[in-house]
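Participant: One-letter residues, chain by chain:
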Amino acid sequence: MTKKTSIRMSGLGGQGVVTAAHILGSAATRDGLVSTVNPFFGAEKRLAPAESYVRVSSDRIFERGEILFPNVIMIFHPHVISLGKCYTMPFFAGLQPGGLMLVNGDSAPELSQDEREALKRLDAKLYYFPATKLALEVGGTDLATNMAMLGGLIEITHIVSWPGITDALAERFGGGKFVASATTAALDDALKSKYEKISQLLEQNMAVMQAVGPTIKEVTF
Amino acid sequence: MPEQKVVAPEFMFTEAAREEQFITGSEAVREAVRRANVDMAVSYPITPQSESMHLVGDIWAEGYIKDYYRGENEFAVMSAVAGAAMGGVRVFTATGGPGTMRALEMFPTWVGARLPIVCAFFTRGINSPLTIQPDTIEMAHLLDTGMIMLHAEDAQDLYDMILKAFIIAEQTEVHIPVGVFADGFFVTHTRDKVRVAPADIKLPPYKPYSAPVPVMDMENVPFRQMRDPFVMKSNYVSYAAHASWQQEVLAAAERARPFIRQYLGGLIEVENEQADVLVLAGGTAVCQSREAIAMAREEGIEAGLIKIKSLRPFPGEELRALTAKAKAVIVPEFNRVGWLSRELRNVVQNPDRVVAGPRVFGGMTMPPDLILSEIRRYARE
Amino acid sequence: MSKPMLKMTTAFADVMPAEYVELVQNGPFGKGYGVADLGSFKELIEEHPLCAGCGLALAVRLIMASLPTPEDTVVVGSTGCSSLAFPQIALQNIHSLFGNQNAVASGLKRALKLRFPDKHKDVLVVAGDGATADIGLDMVMHSWFRGEKLATIMLDNEAYANTGGQESGMSPEGCVLNMAPTGKKFKKIALPEIARESGCAYVASVTPVQPRKLEKAVRRAILVAREVGPTYVQIFVPCPTNFKFKPQETLAKAKQKEKDQTYPLREFITPEAQAYLAALEGGGKHD
Amino acid sequence: MTKYRVLAGPEGYLPPAAACEGIRLPDVGWALIEGRHVPEQEALSAIVDKLLSAKRPFFFPGPNLLWEWKEGVAEKASALRKLADTAGARVIPMPDYRPKYPMINPAIEINPNHPNLTIWHNKIDVCVLAGVHCHYANVALKIIRGGTDCYTIAICGEAGHEDANITLRNAGIPQIEALTAMVAERRRLC
Amino acid sequence: MYVTAKVDEPKCIGCKLCIFACPDPNVFTFVKDKKKVIVNPARCKGCGLCVSVCPKDALVIGNV
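Protein chains in written order, with the numbering used here: chain A, 1 to 221; chain B, 1001 to 1381; chain C, 2001 to 2287; chain D, 3001 to 3190; chain E, 4001 to 4064.
Some hints here could point you the wrong way.
What the hints assert, rightly or not - Footprint (simulated), chain D over chain B, 3 or more residues, beta carbon under 8 Å:
no., region
1, 1168 to 1178
2, 1239 to 1251
3, 1287 to 1293
As the list claims (entries may be wrong) - Calculated pairs, DSSO-like style, for lysine-lysine (alpha carbon to alpha carbon, straight line, at most 27 Å):
no., chain 1, residue 1, chain 2, residue 2
4, C, Lys2007, D, Lys3070
5, C, Lys2119, C, Lys2007
6, C, Lys2257, E, Lys4056
7, E, Lys4016, E, Lys4035
8, E, Lys4036, C, Lys2244
9, A, Lys120, A, Lys197
10, C, Lys2216, C, Lys2185
11, A, Lys197, A, Lys133
12, C, Lys2188, C, Lys2255
13, C, Lys2187, C, Lys2113
14, B, Lys1325, A, Lys4
15, D, Lys3003, B, Lys1066
16, C, Lys2185, C, Lys2119
17, E, Lys4056, E, Lys4016
18, E, Lys4032, C, Lys2216
19, E, Lys4035, C, Lys2031
20, C, Lys2257, B, Lys1207
21, D, Lys3070, B, Lys1325
22, E, Lys4036, E, Lys4016
23, C, Lys2216, E, Lys4036
24, A, Lys45, A, Lys4
25, D, Lys3070, C, Lys2031
26, B, Lys1325, B, Lys1202
27, E, Lys4032, C, Lys2253
No lab work stands behind these hints: they were computed from the structure. Heads up, the beta-carbon is just placed ideally off N, CA and C, and yes, glycines get one too.
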C-alpha cells in the first residue's frame, strides 16, 4: 500500500456506491485518517452506471475528482464487467501495480486471456464474493449490497477499523439529514421504511458486513 | 425559531470556536448561510447546484431564514433577489453552468444598481452537447460584469468565502454583488473536513440605510428615486452619466481590495514563491497543483504555487511582482479557453513565460501528473 | 397627514425648487385624493417625454391619481415607453430589465413584508404589453401562481411602441405592424382570462375613456392585493405614433373598440375579494 | 504608491475613477486632500482655506439632508446650513437623482447625472457636497472633475470619496461645527 | 411648443373632462372659485385630446 489509498467504486444506480463511499470516508476520519469522498454523477438514475471515489491517507489530501489511478477497485454489480455498465473501460483501467479488485459475484468474473495477462503484469489481486446474496440473506434486502462490499473491503484491507465503521454507520442512518443528491435522499426513505427501527437497521447492516469474510474467494491469473 | 446571537464579523471569522464536520460542499453552503443572518433566499434547481439550495430551504424551514421560495427560472430568481435587495434585505442564491447563462442579463444589472447580493456559482459546462459536469468556462463570461468574483478551492473555502462575502459586499463604499465560485462536483459533492463556527451565532444584520443608493421602501428620502436610473435618451448629457456610472462600479470593486485582504488574507495565497517554476491556479486546479508540486518535490524539483482567490478585483500588482523572477508560470485550467492564462498574460512582464495549460474540460478530472510533467519540462529548461 | 419623511428640513426649505415644495404642500400624500381631484392638486408625475396624444401617458397619469396610499407605494416598471415616464414620478420606483418586472416585484414585496410586517406596502407593477404578455409572461404568471400580493397593470398599446411599432402578442389578429408585414397570424392573447385561471383574485380590463372606471379598477386591484392575492388590470392605451392616427383621436379609438367589443371591458372578482371589497367600500372610504 | 493626484479639472473627456488610479479611502480619523492621506484636522483647515478664498463657493446638500427622513437629520442640516451661511456660500439643492426631463434649471438645482450645468451656469469655483448618497456623489464628482475647474469638497458621513479634491469621512455635526467655528474665527481675524 | 390648447373662458363650464383626458400632467388647472380650467402653455404638447372631449367646444389648439 502507498501512503494514500485511492478507491474507485463502480456500480449501478441504487446500489449505494455513493453511500458506501460516504460511510467509508467517515469511518476513516473517525480513525484519525484523512479522507475525501466524491461521487461522480451522471444523471444518477437507477441502474445506470454510478461511480464514487474515496481517498484515504495519513496526510492531507488535496487532489479531488475522479480517481484515474486507483489502488482499489470495487465492482458492485457483475454487469459493470459483463455488460460494460461502467464509466471506465475496461473496469480495471488505471489500476496501480499491486492493486486490488473486489467484485460482487456468485462466481468468478469471466476474463479474457489478454485481461488475465494484463492483471498478472500489474501484480493485481482479484477477489469476489456474493455481496447481493449476502445482503438478501443476512440483511433481508438487496439494498444492503453496499454494506457487504464494505465488509469485504475491510476484511481484505483493514483500511478502517470495525469501531470506526460502526460509528460512521450510526451517523449515516442514525439521524441528521445526509445529502448526496435528491435521488439518494429519496432512496434513503425507502430503505428506512424497511426497518422498524434505526437500531435494527444498524445491526442488520453490521451483520451483513461481518458475514462477508468466509465467502471471499481469490481469482488466480 | 432557533436562538442565535449576533456577533461581530471578526469574532465569527477568527475568535469563535470551530467544530470540524465531514461534509460536502453543498452542506458547507448550508452551514455558511445558517450563520450569515440571511433574510431571504430564492432557489431554482440545476445540477450541480441543486443540493445547496435544498439545504438552504431546509434551514428556512428550521427558522434560520425568514423567507424562501423556488422561483420559475434562473433569470427570474436573479430578478427576485434583486427586488429583495432593493427592498433592503440580505439575500442569497446560487446557480451554475447553463443557469448562470440563463440569468446572465441580471448580473451587470445587480452591479449597476449597487446590490450587495451574494450568489454562489457552481461551475458546469455550458456547451452542446449537454454536460452536467464541472468546467469553469462560465466564469469567462462573468469576468466583466463588474461583480466581485471569489474562487473557492474546497468546501472550507466555500464556507469561509460565502460568510465573508456578505461582509465585503455590504461595505458602503463597495456595495456590489459578490459571486463565490466553486467547481461543481469537485467541491459541491465532495466530502471533506470543514471547520465551522458554532450554529448559535450569526453575523450582524444588513443595514439598508448605509447603502450608497436609496432603499426602495418609501421610508427614506422621498421623491423620484430610481435605484437603477434609466439614463437613456431624453436625458441631457446622458453618455457621460452612463460612463461615470460604470467607472463608479469599477471603483467599487477596487475599494473591495482592502476588505478582501482583511477577511481572506489577500487576493492570492502563495507557497514557495521563490521557485523558478510557479504554478498559478484557481479552484480545483489548485488542489491538483498542490499534489503535483508535492510529487515534484519527491523528485527533487522545487515549484511554487500561487492560488488565486479573487479574480475580480484582479490581483494584477501582486502577480506582476511575484512572477518577476520566475522562469515559467504554469496555468492549469478546467476550461477550454484558458481565461486565467489570458488574464495573467495581461499583467506580467514577458508574457511568453506564461504556460497556458495544461487544460481539461467537459467534466474531466485533471490528473496531477499532467501538471507535474509541465513542471518537469520547465524546471529542466 | 403626511409621513415624517415627506417633510423638508427647515434648514434648506428656502432653497428647494418650487415643484418639491408643491408636492409637499399640495401633493396627494396622505390626502386620499382621487381622479376626480385632478387639476386641483400637484400630480405625482411632473413632466414626461412621451408623445403628444399618448394613451399610455394618460393612463399613467390616471393610475398615479388612483393610488390609495401613494406614500407607501413602490412602482416596478419594465422596459418600454412607460419606463421613460417612471423616473419622473414622485415615488420610489424600479426599472430593472425587460420582462422581469413581476419577478423583481415578488422579491421586493416579500422584502418589504419582512421589514414592515405591520404596514401595507403596495408594490405596483406597471408594464407594457410586450413586457407583460410576451417576454415576461412566465414571470407574470408565476407571480400569480405563487399568489404574490402584487397588483399587475398592463399598459396595452397592442404593440412594441418604444422600439418602433412591432407586433406583440397583444396585437389584434391581422394587424400589419413591423415584424408582421403581412399581418399578425394569431389572436390577441387572452390575458384577462389567463389571469383569472392563474389565481388572480381581481381582474379588470378598462380604457382611459372612463377615468372613474379605470380608477376603480386600479384601486380595487391594489386593495385586493394587500390582503387577498394577486390582481391584474389591463388598460387599453392607443398609440397614435405607431398606429398612425392623429393624436387627438386616441380616446375616440378606445371608445370605438369599447363599443364594437373588439376591446371588451370586463371585471372578475373572486368571492373572497368581493367580500373584502364590500367591507372596505361599504365604509365609503374608497369609491 | 500612486502618483495620481485628484486635482481640480477640467481633467478631460472622461477622467478616471480615482480609486482605479490607486487612491485609497482614508482610515477613520483621516481625510484625503487631492488624494493624499492627511489627519482630519489638516483637511478641516484646508476646507476652510478653500471656502474663504473662493470667489463663488456653493453648497450642494443632497436628499439625505433635504428631507427629514430620520432622527438627527434636521440638526445636521441646520449645522451645515450655518456653515454655508458663515462661509458666505450659496446653497443649491440636489433633491433627487433622476435623469430629469427635459432638463434641470441650473440656477436653482443640481443633478448628479449632469452637475456641470449648474456649475457652469453659476460660475462655481468651490463646491461642497453633503447628504448625497455615496454612489451619486462619486458619479457627480467625476463628472465635475472632467468638465469644470470647480474644486470639490465632500463632507461624507460614510467612508468618504476618492473623487473629491478634499474628502472627510464619518463626518457629522462635530466636524461641521468645527468648520463653522474655524471659518468664523478666520473671518473675525480678517 | 409651437401650439397649445387655449380655453375660451366664457364657454367653459368646469366639467373637468379635459383634465381627465390630457396625457400630460399639470397642464390644466381647475380654478375652484371661477369653476373654470386654465392651461399651462409651457407644458401643453398640443395633441388635442382635450378638444375631442370638451362638450362645449370651449377648447381649441392654436399657435402660442
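Participant: With reference to the structure, classify each hint as holding or not holding.
Facilitator: Quick rundown of the hints versus the structure:
Counting residues of the region 1168 to 1178 of chain B whose CB falls under 8 Å from any CB of chain D gives 4; the rule of at least 3 is met. Taking a C-beta to C-beta cut-off of 8 Å, the region 1239 to 1251 of chain B contributes 9 residues in contact with chain D, enough for the three needed, and the coverage statement holds. Look at the region 1287 to 1293 of chain B against chain D: 0 of its residues bring a Cβ nearer than 8 Å to a Cβ of that chain, fewer than three, so the hint is violated. Pair hint C/Lys2007 plus D/Lys3070 holds up; C-alpha atoms about 10 Å apart against a cutoff of 27 Å.
For the suggested pair C/Lys2119 and C/Lys2007, the alpha carbons sit about 20 Å apart, so the restraint of at most 27 Å is met. A distance of roughly 24 Å separates the Cα atoms of C/Lys2257 and E/Lys4056; the hinted pair therefore holds under the 27 Å criterion. With a CA separation close to 9 Å, the supplied pair E/Lys4016 and E/Lys4035 stays within the 27 Å bound. With a C-alpha separation of about 33 Å, the suggested pairing of E/Lys4036 with C/Lys2244 is violated against the 27 Å cut-off.
Taken as a hint, the A/Lys120 and A/Lys197 pair is broken in the structure, with Cα atoms around 46 Å apart against an allowance of 27 Å. For the hint pairing C/Lys2216 with C/Lys2185, the CA-to-CA distance comes to about 34 Å; that exceeds 27 Å, so the pair is violated. Annotation: proposed proximity of A/Lys197 to A/Lys133 holds, straight-line Cα distance about 23 Å (limit 27 Å). Restraint check for C/Lys2188 and C/Lys2255: the C-alpha separation of about 19 Å stays at or below 27 Å, so the hint holds.
A threshold of 27 Å between alpha carbons decides the hint, and for C/Lys2187 with C/Lys2113 the separation of about 39 Å lies outside it, so the pair is violated. For the proposed pair B/Lys1325 and A/Lys4, the alpha carbon gap of about 34 Å is over 27 Å, so the pair is violated. For the proposed pair D/Lys3003 and B/Lys1066, the alpha carbon gap of about 48 Å is over 27 Å, so the pair is violated. Taken as a hint, the C/Lys2185 and C/Lys2119 pair is broken in the structure, with Cα atoms around 47 Å apart against an allowance of 27 Å.
Taking the CA atoms of E/Lys4056 and E/Lys4016, the gap is near 12 Å; set against the 27 Å cutoff, the hint holds. Taking the CA atoms of E/Lys4032 and C/Lys2216, the gap is about 25 Å. The hint holds against a cut of 27 Å. For the proposed pair E/Lys4035 and C/Lys2031, the alpha carbon gap of about 22 Å is at most 27 Å, so the pair holds. With a C-alpha separation of about 51 Å, the suggested pairing of C/Lys2257 with B/Lys1207 is violated against the 27 Å cut-off.
Straight-line distance between C-alpha atoms of D/Lys3070 and B/Lys1325 comes to about 57 Å, which puts the hinted pair past the 27 Å bound. In summary, the hint linking E/Lys4036 to E/Lys4016 is supported, as the alpha carbons are separated by about 8 Å, within the 27 Å threshold. The hinted pair formed by C/Lys2216 and E/Lys4036 meets the criterion: a straight-line CA distance of about 26 Å does not exceed 27 Å. Taking the CA atoms of A/Lys45 and A/Lys4, the gap is about 31 Å. The hint is violated against a cut of 27 Å.
Restraint check for D/Lys3070 and C/Lys2031: satisfied, since their Cα atoms lie roughly 22 Å apart, inside the 27 Å limit. A distance of roughly 44 Å separates the Cα atoms of B/Lys1325 and B/Lys1202; the hinted pair therefore is violated under the 27 Å criterion. Restraint check: the Cα-Cα separation between E/Lys4032 and C/Lys2253 comes to about 32 Å, which exceeds 27 Å; the hinted pair is violated.
Violated hints for the displayed structure, listed by number in ascending order: 3, 8, 9, 10, 13, 14, 15, 16, 20, 21, 24, 26, 27.
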